[in-house]
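Peer 1: With these hints in hand, go ahead and build the complete structure from the sequences.
Letter 46 of the sequence shown, counting from 1, is numbered 46 in the UniProt record's numbering, and no numbers are missing.
Be aware that one or more of the hints could be misleading.
[To be verified] Below, a list of computed lysine-lysine pairs in the BS3-like style, where the Cα atoms sit at most 27 Å apart:
#, residue 1, residue 2
1, Lys287, Lys300
2, Lys158, Lys227
3, Lys48, Lys298
4, Lys312, Lys298
5, Lys265, Lys287
6, Lys45, Lys164
7, Lys153, Lys209
8, Lys312, Lys300
9, Lys136, Lys45
10, Lys158, Lys52
11, Lys164, Lys209
Rather than coming from a laboratory, the hints here were simulated on the basis of the structure.
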Amino acid sequence: MSEVLSQSEIDALLAALSTGEIGIEEDTQEEKQRVKKYDFKRPNKFSKDHTKTLERVHDNFARIASNYLAAHLRTSVQIHVISSEQITFEEFIHSIPNPTILMTYYLDPFSGPFLFETGPQFVFQVIDILFGGQGKSVLKTREFTDIEKNVIKRINEKLLENLKLAWEDIMDIDVRIDGLETNPVLNQSMAPNEPVSIITMSVELSNNKSFINMCIPYISIEKFIEKLVFQYKAATSASRDDEHKKQMERKIQGVILDSHVELGKSIVSVNDFLHLRIGDCITLNRKTSEPLDMYVEKRKHFKVYPGNIGRKTGVQIVEILDKDVEDNE
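Peer 2: Written as structure tokens, this is what we have:
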């Protein structure tokens, strides 16, 4: 129990405060930092681990999508993840241009919709290249024609199919396309204040840079949010590595290799070769006392002596050659 002050001690303390001899202690900086602002209208539902995992997934997607577009457009394409942030769905809708190509898709077994936005600069560059141009046209501010929408829809569908490979380290998914909208305001697939993670990627195409966005709503992945924990390296333990090595050794040991022993070499003329008969002798470049060369898959690996093993002819290894090491040095 704390000590109780007497009336005289209380009077002395009040007098000291009034004269300034004793100051009122203010909150320290450390105590101030304990208080953090929190906006209940915009709750932060994606943790750092979730964000890192989503970035890793879309890094994979960017690499695969770059290869697909480069092969399809027959030009150099570089796609990179440049940022990821958590905002509301309403903020995302108002941050993208109008018109744009906004596709809604589903990733089974995730329950809710996802959005894939490709801006006008990217769309018109791709269309220009596919129609025979160089893809160096400037940004156009006009509505997309029906032909342009159909062409870019097929391109985006092929791009989204690559998400299956990008997600395979986390879980198995199936991509299902739902629809396409050019006016983002008309997309009402979720509530305006729904938190979403936006992965923004830059696309370098024909010396021009454009941007594409992946919108990942929290409500769509909520049931599987535990899987979005960055565990790529943590999941691989030392015992698991040893087991993988043993499995690899067992598989390698069963591989069949072609081997042969070279008795020696000799040079003969065409005339001598044509007159060879049964019983003729050919002088080789090797003495009978010298070891022979044994080849495995056309590479010299051993020095051996010939002999008999029971009723079969065999060889005895007398020297191991470091041929592979010499070739790789």
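Peer 1: Determine which of the earlier numbered hints do not hold for this structure and return their numbers in increasing order.
Peer 2: Per hint list: 3 and 9 violated.
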